[in-house]
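Colleague: Note that the protein sequences, when read in sequence, are chains A and B. Numbering follows this note's numbering, in which position 223 of the first sequence is assigned residue number 223; successive positions increment by one, without gaps. Numbering follows this note's numbering, in which position 194 of the second sequence is assigned residue number 837; successive positions increment by one, without gaps.
Derived by calculation from the structure, the hints in this document are not laboratory data. Hints are supplied without guarantee of correctness; some may be wrong.
What the hints assert, rightly or not - Partner residues are not named here, just some residues of chain A that face chain B (Cβ under 10 Å, in silico):
id, residue
1, PRO86
2, GLY97
3, MET106
Note that beta-carbon positions come from the ideal geometry of N, C-alpha and C, so glycine has one too.
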Amino acid sequence: MLKIDKSFPGVHALKEVDFDLAEGEVHILLGENGAGKSTLIKILAGIYHADSGQIEISETPTVIPDARTGRDLGISVIYQELNLVPDLSVAKNIFLGREPVLPGVMRRVDWARVEQESRAIMERLDVRIDVNAPVRSLSVADQQMVEIARALAFDCKILVMDEPTSSLSGHEIEELFKAVTRLREHGVGIIYISHRLEEVHEIGDRVTVLRDGEYMGTWDVKDVELDFLITQMVGRTLDEKFPWTPRQHGEVALRVRGLTRNGVFEDINFDLHYGEIVGLSGLVGAGRTEVARAVMGADTVDSGTVEMTNATKEKEEIQKLPHYPLWMALVDVVVFMLALPLFTVIFQGIYDPFTLNMNSPPPLFSANWFYEWILGGPLYNIPNGPTPYIVAAGLALIRQVGLWFLERQYSWRTLVIDFASWYALAIGAMVITSLFTQNFVLEWVMIWGGIAMVAIRFLTILTHERKWTPTLAIRRGLGLLPEDRKTQGLTQVLSVAYNTTSANIRRLIKRWLLNLTMEKDLVDEHINQLKIMTPDQETQIRFLSGGNQQKVVLAKWLFRRANVLIFDEPTRGIDVGAKFEVHSQMLQLAEDGAAVMMISSELPEILGMSDRILVMREGRLTADIDRNEATQEGILRYAMTAD
Amino acid sequence: MSAAASMESEKLILGYPVKDIPWERLLLISAFVVLMIFYTFATENFLTLENFVNVVRRDAWLFFLAYAQTIVIVSAGFDLSQGSIMSVVSVMAWSAMLHFGFFFGFIIGLGIGLLCGVINGFFVGVVRVYPFIATLGMLFIGSGTAQLWTGGLQMGGAREGATLPKHVEEAYVFLAKGNLGPIPFTFIWILIVLATMWYLLKYTRFGTYVYALGGNEQTAISAGINYPAMKIAIFGIGGLLCGFAGLLLSASVSAAGEPRLGGGDQLLQSIGATIIGGTHIFGGRGGVLGTTLGVFLIIFLVNGLNIMGIDTYRQQIIVGLVILASIWVSTLREQKN
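Using the sequences and the accompanying hints, generate a full structural model.
Modeller: Here you go:
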């Protein structure tokens, strides 16, 4: 690619960039976000067209008008977001768009050949993936292999990989690198984009750096140091990468005891103090994010407590609830049906079904009004006598006994709720079945049944411990900056101002109305404090870069006055400059007395930022290391090996 | 790594790996069987060949509507205009039969269904309107056109004035009520369409692309699938089948042009059958075999209730509960995965 030039309205994305790729080499493309890497790749793939410049493939000038032509020329791109159809099988995904068709009028696709060739490609890559399994059942790493296999199936000469390792764990990265090496041996040229600088030496042959759309140079990997590359990327040296200084720690802010979610994590115990930064390390898939979500109350857990000591000393417990929220809804419906006669009592005094005069319309909101107008006729058909109710109680009881034998950790309270619900459910089922049988009703049973059910529901709800939910956690001052900030932390199509204030809109309410002047001032304050680069506060979030989006999530929690913050991969996909700023902000927060927990897959970040380091392996906490004693090797040992 | 993991979890039931067993399909079939047994004991005339043949013959149109809805929903679309297409086809085909005889009237009827579908597909695929909106537009346009065509009246049948020539009407009625030896014609139509759709979805490129579009539209487009053409083809097939369903229903009701033919709950029943049959509402999963089961479940559920003398309102409540239950089961399965 020679002197490639591309402008978008308002941005000069690429300024006469040169790039070349030899057969069988891994060429690493580096640059901060917005440096023009993706634009260059998209021009190569045929998605964008260069304003000027020329692309030559095997010394012949080539025009790539669209993605299809690009692919036919042997150019394949593996984007960060995997580009597969989840419900189709691996083989069908590999051959999507060019299935071989058997001769004949039936136009039948030769699935046998598809399967066989897919298997051959998998063997060539030396990975063991069932080619008939649907893609959704594979791990992310395996899905990536499928992408690579697809590129191979297209007989690609040039493979572009955009941050392929960003969601893989150590072992998976090794597998990927092995596959890349094999591709290189087969003569495929690979363009490799990454934010992980340590990968440059591990896998690359040559490296090219772009900065603000300008071509900075191409070097042999052997000849360059990482620091030099960073200088080239950002145009300045980061002499102090992590501006960490010792701090005074306050009292315990967050206490987690025995947190367990079956099959995900087990017996997690830790304390988090005010003014402290705790790093949570471990391989991807060790359960770090899941722990964070559980602490936040976003996922239910099987046992354990989360305690926050600020505001009130009140103890909040994560209470194990029975695992089916849906029956709750069903029970509520049934209870509502049963409770309807109550309305009659309220509106008309005592309700007597036997003296009902069906010639006059039933009174509004009475049981008969309900049966008449909603169900289409009076409900004369509930089975007579006590038998059905005894049967229902018996069914519910059998379930209780079963539950008690199967899972002994249920508390009696849970069992009572469960019993009540299933009793109601059984009655409800009878009501529904009785819609089409022809017996006479004993409605007073329903009245008293309804009253009893409602009473039981209220009693159980009242005696039940408060469940730890995100609402409660946020009220106590906890804030989570999720890993996937684009979808879980922000509303992309709404403004910076909205996203900043959304978690604490009450703060803006004056006399029942939102005070928008105050919003503007407060948001400006946060934008300045966090140095958020945005044209104005009405800009939609999706127009901001990753680093600035992360700062908006932080602004949201600061606006909420959260003082216990959990950062989940705070700097993933963020360029070097913004990384530094996010780190400075975290340290400043701790300095101001906030408790900070940082989940990160990057060891230097963990080592550079944390006062204390927790390590997780396969759902268990395996180490609690002080900053001074921590080394990369030590953490990795705890993260990867069983003691 | 995943291969090793799957090796461990490979338990066999009757020589069949556990994870490959289509639990949802089995559940659906067993629900159907339980229903059959229940009705057999609860009523006298349910489990008779005569009843079976009558039900399938009378509700044959639902099969075609549901197949149309299935292919559209699998490709992550949605067709609200099915009822209207039925109405338009009914009145226009009647007029055409009046002038050109049965055969050409029939072909013109199908053609109009196809055209409506292609227009839907054009708006979805080329103009890129959401399927929901595009077909909502067609819903109104279709029912308006049908009523305008006839002045809101039924054509033929009970109305004074023009009636179809005797032999044309006989041919028309034969389409829905005729027999080939002992086998009703509608059975043959259903089998032909079912086999074609099944083959199309399973063994052709077109079918794979339908699933690909439903599963991940961006991937499908970047794999070189022609999005507008696919959408037009999918909705076109949908429209064609709706047209056929409209012709069948008109023929079996009165052999008249009925502008309010598809104004009832036909659309809702077709969506219900599709969903009960295991097709995922957001596309990517499902198929016509499941839909066939779904249709059977709905029509025999209603038929049994009819025989038991349950009124229509309660029937609707029960059908609604069945649809909710089937969606509940599939979401439970999904949450587990």
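Colleague: Take the hints in turn and mark each one as holding or not.
Modeller: Cross-check of the supplied hints:
1. PRO86: holds (6 Å)
2. GLY97: Nearest chain B Cβ about 3 Å off; hint holds.
3. MET106: Since chain B brings a Cβ to about 8 Å from MET106 (chain A), closer than 10 Å, the hint holds.
The structure shown violates none of the earlier numbered hints.
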